[in-house]
Amino acid sequence: MVPLSWYLIFAAGLFSLGLFGVLARRNAVAILLGVELMLNAVNINLAAFWRYGTITNMAGQVFAIIVFAVAAAEVAVGLALVISVYRRHNTVVADEIDMLKW
Amino acid sequence: MTIAQIIFLVVAGATLGSAFMVVTSRNLIHAALWLVATLFGVAVQYALLNAGFLAVVQVVVYIGAIAILFIFAVMLTRKEIRDQGPQLNSSWWLSATLSVVTFGGLVGMLWGWKDMAHTVPDIPPGFDSISALGDALVSPDAFVLPFEVASILLLAALVGAVYVAFNRK
Amino acid sequence: MHNEWLYVAFFFVVGLIIPVGAIGVALILGPKKPNPVKQETYECGLETVGDSWVQFKAQYYIFALVFLIFDVETVFLFPWAVKLGQLGLFAVVEGIIFITILVVGLVYTWRKGMLEWA
Amino acid sequence: MNFWTDPLKMAADWLTGLLTGWGMPEGVAVGLAAFLGIFVLIAILMVIDIFLVWLERKVVARFQDRIGPNRLGPFGLIQPFADIVKLLIKEDITPANADKVVYNLAPILSMMSVLILWAIVPLAPQILGIDLNVAALYIIATGAIGTLSIIMAGWSSNNKFALLGAFRQVAVMVSFEIPMVASLLIPTVLAGSMGMNKIIEAQNIWFVVLSPLGALIFMIAAIAELGRSPFDMGEAESELISGYNVEYSGMKFGMFYAGELLHAFTFGGFWGILFFGGYSFFGLEDVSPFLAIPILLTKAVIGYWIIMWVKYTMMRIRIDHMLAFNWKFLTPLSFVLLMVTALVHVLFKDTSPWLYGLSMLGSNLILGWVVIEFLRRFSRAEREKLEGHAKPAMEAAGH
Amino acid sequence: MTTETLIWLIPLPPALAFFLIVLFTNKSKALSHSVGVGAAILSFLGSMVVFFRAVSVEHLGEHPFESSIPWMPTGDTWFNIGVLIDPLGAAVLFFVSITIFMIFLYSVGYHNFGQPAGDHDRKGLPPHGATVEEHGHKHVVPSVEPMYSRFFAFLGLFAFGMYTLVVSDNLLTMFVGWEIMGLCSYLLIGFWYGKPSARAAAIKAFMTTRIGDVFMLLGIGLLYSVAGTLNFREIFGNEELMHTLAVPGATLFGLSLAGLIALLLFIGTVGKSAQWPLHVWLPDAMEGPTPVSAMIHAATMVSAGVHAVIRMFPLLSLDHNTMGVVAFIGTFTAIFAATIAVAQNDIKRVLAYSTISQLGFMIAALGIGAYVAAAFHLITHAFFKALLFLGSGSVIHGMEHGVLHTGNHSVDPQDMFNMGGLRNKMPITFWTFVIGGFALSGFPLITAGFWSKDEILADAWGHGHLVVFLTLALAAFMTAFYTMRQITLTFLGEPRTKEAEHAQETPWTMTVPLMVLSIFAVGYGWVGIPEDFPVLGGLVPNWFHDFVGHTLHEVPEAVEFSWAPLLTSLGVALGGLFLGWFYYRNVNSAKEDFFQIALLKNKYYFDEAYDFVFVKPAIWLSEVFTYQWMDKGAIDGFLHIFGPTTGGIGGFIRNYIDLPVINKFIGDGSADVVQWVGRSLRPIQSGRIQQYMMLSLVVLVVIGGALLYFLLGL
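Protein chains in written order, with the working numbering: chain R, 1 to 102; chain P, 1 to 169; chain E, 1 to 118; chain C, 1 to 399; chain U, 1 to 714.
No lab work stands behind these hints, which were simulated from the structure alone.
Since we're looking at a predicted model, the values are computed, not measured.
Ideal placement from N, C-alpha and C gives every residue a C-beta, glycine not left out.
Keep in mind that the hints are not guaranteed to be accurate.
To be verified - Each computed SDA-like pair below joins lysine to any residue, with the alpha-carbon atoms no more than 25 Å apart: (1) Lys33(E) <-> Asn158(C); (2) Lys349(C) <-> Trp369(C); (3) Lys100(C) <-> Leu16(P).
Said to hold, decoys possible - For the chain R half of the interface with chain U, some residues (derived, Cβ under 10 Å), not all of them: (4) Leu19; (5) Leu23; (6) Ala24; (7) Arg25; (8) Arg26; (9) Ala28; (10) Ile31.
Please put together the full structure from these sequences, using the hints given.
Written out as structure tokens, the structure is:
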């Protein structure tokens, strides 16, 4: 069978790719895409630990579902913000969205 | 190497490849579609982990809703789709370094961890994960509070998103 | 390895093979005489004017948004529905609270006039 | 056990035996046998699909007071095969501006999203398909892939009308997915499981009796999900030329077309499974799979026929009306129904079946009556408001 | 109802009141204050029942009221939260419930309930008065606060936080209450958000206390990682654990684990209780609605900080190094704040600094191990300081009345040099203020302040901490001095302005709390008279020491009676009072006041120093490092790094040292400074999330790497 470590390393890779997306993409929507990757990496870990831990303890799956809800909320609000910013400032480039400075 | 391992490696490779395309492709719709591929790969991983519910939910929520929402959002903020300018910001190399360091750090930490080679326990016969999940979510001595709080979170997200994006003032 | 998802994967594979095969056969059998006019965008014979990336109504996004929230909600409801029979009245009350909270969100959106197409 | 009572098992055993006889490891042999079985199933489905084309054309012709295909073969039965040949030898055109990969992937995904639905269809008590414990959600998940294929088709065609059609279609599909999920939750609640097989087994009383409103909502949502009239905004011929698949031709269009028909048929089947007892029909299903499968297919065809009936009777609804109908009526109604069902189920499930069934049915009927009454009053008020405004103008015109 | 159930219920009414007011009743002023005051009464009654039941239990220290429920799953175990009322909790609950009730009642009068709406009042600004026509001629009367309901909502939330903090049995929920109060203090200080100074003060208070809170959270985390629980009794009752914690030199700087944890928690208290060096926020907090928020901050919330340290005393006392730090900070703050208080003219600022100084007394007492004395002073101080603040609020209210009468808004109703002779105008306020002031000064024998302060001095003497003793004695002397200065300038002599002549006594909702509190300001001292005090000792049993002392496992010994500290405290109190009266009876304006020394008046230039040490480097970092380097330097490569850097430094010197520093060092008003701080801090926020994330990630990687390298030896 697949050892636990494979899943964890896979998740770490996904997380790092997401991190790169979050840090390096200019487009705010693309940044949110990166965030999704990171959240998924976390979820893989949760599912893997559920499977490799005490299988009757559903905490891992419950947490993963909660993460789904959080991801949905994050996307909903995040994209709404991006659209709102786009309507006001006509840009979705993260570097140009720095109104919170003042 | 067993079949499961081969499947895992193939799927993981495809998933990571798609994820790489997500963060690098210039066309945002393509990035979103690559995200779908990545998410589907993750769903397959859940299925490999016998977490069928998570796999299906992954498809329903992520591919069916979140990816759609992303595509809609890209269409609505469309000025940038065909942006010929760079899609990565100027300090992307620093980000890349940081990501690699993060990955290295995570793997490094995992390396020294004694439970790494943990073998997978058998699923006890008659164990129904959906039923157990239902128990965990709604029975009062488990996660009933997070269950209810999740609905409040979703409510807040809905109200907030609707208000933020489309306040007609 | 006993994992019923393997068979689901077979379905996916076969479900891919058959349309791919059909289109592939058509590709082989069909003639290939492309010309620029044939490959133009079809708009009832009119010349295409402007970019196809027209601005879309934000309303589409609203519906997708509301859908996303409710979709996640229903995901929570499935384990609840499965276990409802055993857990009894307490679980029902929980579920009703859960749904009611979400319906409040729908009502809010409604009242804000966001569900109107105009 | 013989071929009459369990043909699938026999076939599988024979095939596995054959393969292991050739020196194949046991596991691989089982897998290969399953794969072949699935292949055969899907091939049969494709054949059924071809006949669905004929059926659809015949039915629509009758609805429109025509005869329909009648030239090739008896009752025009050969006609669909001629269509296939035509599709196969048509030129494959990819528009120059299209996004090639996505454009070609979309019809494949569209077809696939339908075919994989059959993974969870229990054909007979002995032929359960894959008995997933998340089957109800699986239906929604395949729907998600279908939605994706439409948006991919619309976007990659690089055509205003295609994109607009895709947007409309997706908006409708995602909107009606909520009542669909809610109505899927009702059999789940009643059966205490998401598994299709458990749902069928639990139907000592057909769920349509226990929850007629749920069945109705599921049907409406399914029609919207299929994008068939009156919910065919996505391909509104007169406005959007053909919607999201305008740029498709030949076999790729064929995939969308066949996918839609098979999808409709499949949903007819699921309607039968979820609310009409699936393969079961007064114990006949236990005699032989050769009886059970036709029972299920008959139910599916009946469901499919209702979908066609609606399609060829109703006019297309404007998209704003359609979305308003969903969000302001169907979604709240389905959630209220879900709450009521859950409550009644828990309160009465341990009483006698008669009381349970009657209270379920009663609660559904009362809810339906309340809703209709409410709608009647509301629309009358609306009408009076409108006419009240219109009247003076008319009077002025009259004088 | 069992006592435990009742304890659970105590924090609830204010929280419900908050939500009720916010969600439903905010349109109606009368309904809102009924809900608020009603909730306060419910909590008050509940607290009293709990208190009296607690007092009647024989060995409450060993068998406190406690009850807990599982809250969060932590792997295979659960994190429990619950309530605990031990003797200390009961004593604190007693004064907290009374003061909170009084705050609610007083707010009704303070915000001019029943008066007409102002002529041109706006939300976010203090009411300016309304013109009414009576008997044919117009005159101006105070107008009702426009955001009256909001105020009661905030008060409710605040009360919820305070009660939660007092009744919780573990550090985490205590911290939750602590943070709720932090939020409320921010909201209440910035209540009149229309005033820039109030906004700045609110931010300052929030940020300053946040510094302490971060350390406190670190301490909590460390404690949890070591002990695996945050329940007070589980930690203190586990002898093995306590031994592990007490091993000296286990962590940095030769501190034991207990010492480090206690130190971190103590830093939280330093922020919350406004101890040096994080005291800067408290005086500015007086920007809030005059007496009420001042009182929250001065009498109730800051006590929470001391309460926390007293709670953690068993941990604190394990390491004498930490004890030394605590004693030093307390003593230093006591004398340091007292000297500043002497030079302040604003009636509330004097009290604010006096509070800082008195809190220093308590902290110092804890630092020398005088557990009971600290708790005792905490409670007596809460009573008389609440009394003084409410009194000062009453004075200001009276003065505002005078201001409205004359219409001369240039007269500051809070400046003591504008007052004088108010004893005839506002007799109740005067007498209660005198009682409070005398209690603060430690007027011998009859006031509560005397007994508690005397006990601290006696402990310092008895335990041989001579330096602490002398410093505290000096601080006590100055306390008496500035208190009498305040009383003399405010109430005695002749009115120095027209406005003072027209000052008026305040309504009953304001004076009743004053009277109630003055009873406690006198009477509460009697429960803690040492047994062997000459003549009086033994007349009343030293109930307080006996009761609260049993919170600890080993009941602390009462120090032996000694004449030296008694005579000292007699001397400093009476001497200070006399000198204050003697000197200030003839002073009529700020110019004649010898103590208007620039150094004291400007609070030792602490605000300015913080600018220089923290704010400037932050700007430098943002300008040169974040902006120039991260954003530009990084792209162009290291070749160009020198250009931007030198440019940045040049610009920095020109823009940030030349003009502002010189100006600001001469400038006075701390409000200006705070505003400037806020403005200058902004450049560190480039507004670009990705930069923030990258920076935090870099820091995380560096810290993580360092931790791995040094701690795990990887």
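Evaluation of the provided hints:
1. With a C-alpha separation of about 21 Å, the suggested pair lysine 33(E) and asparagine 158(C) falls inside the 25 Å cut-off, and the hint holds.
2. Restraint check for lysine 349(C) and tryptophan 369(C): the C-alpha separation of about 24 Å stays at or below 25 Å, so the hint holds.
3. Taking the CA atoms of lysine 100(C) and leucine 16(P), the gap is near 23 Å; set against the 25 Å cutoff, the hint holds.
4. Because the smallest distance between the Cβ of leucine 19(R) and any Cβ of chain U comes to about 8 Å, under 10 Å, the interface hint for this residue holds.
5. Below 10 Å, beta-carbon pairs count as interface contacts, and leucine 23(R) has one with chain U at about 6 Å; its hint therefore holds.
6. The beta carbon of alanine 24(R) is positioned within 10 Å of a beta carbon in chain U (closest approach about 8 Å), and the interface hint is therefore held.
7. Given the 10 Å rule on beta carbons, the hint for arginine 25(R) holds: about 8 Å separates it from the nearest Cβ of chain U.
8. Of the supplied interface hints, the one on arginine 26(R) holds, with its beta-carbon coming within about 9 Å of a beta-carbon of chain U, less than 10 Å.
9. Because the beta carbon of alanine 28(R) sits about 9 Å from the nearest beta carbon in chain U, less than 10 Å, this interface hint is met.
10. With a cut of 10 Å, the hint placing isoleucine 31(R) at the interface with chain U holds, because the nearest CB-to-CB distance is about 7 Å.
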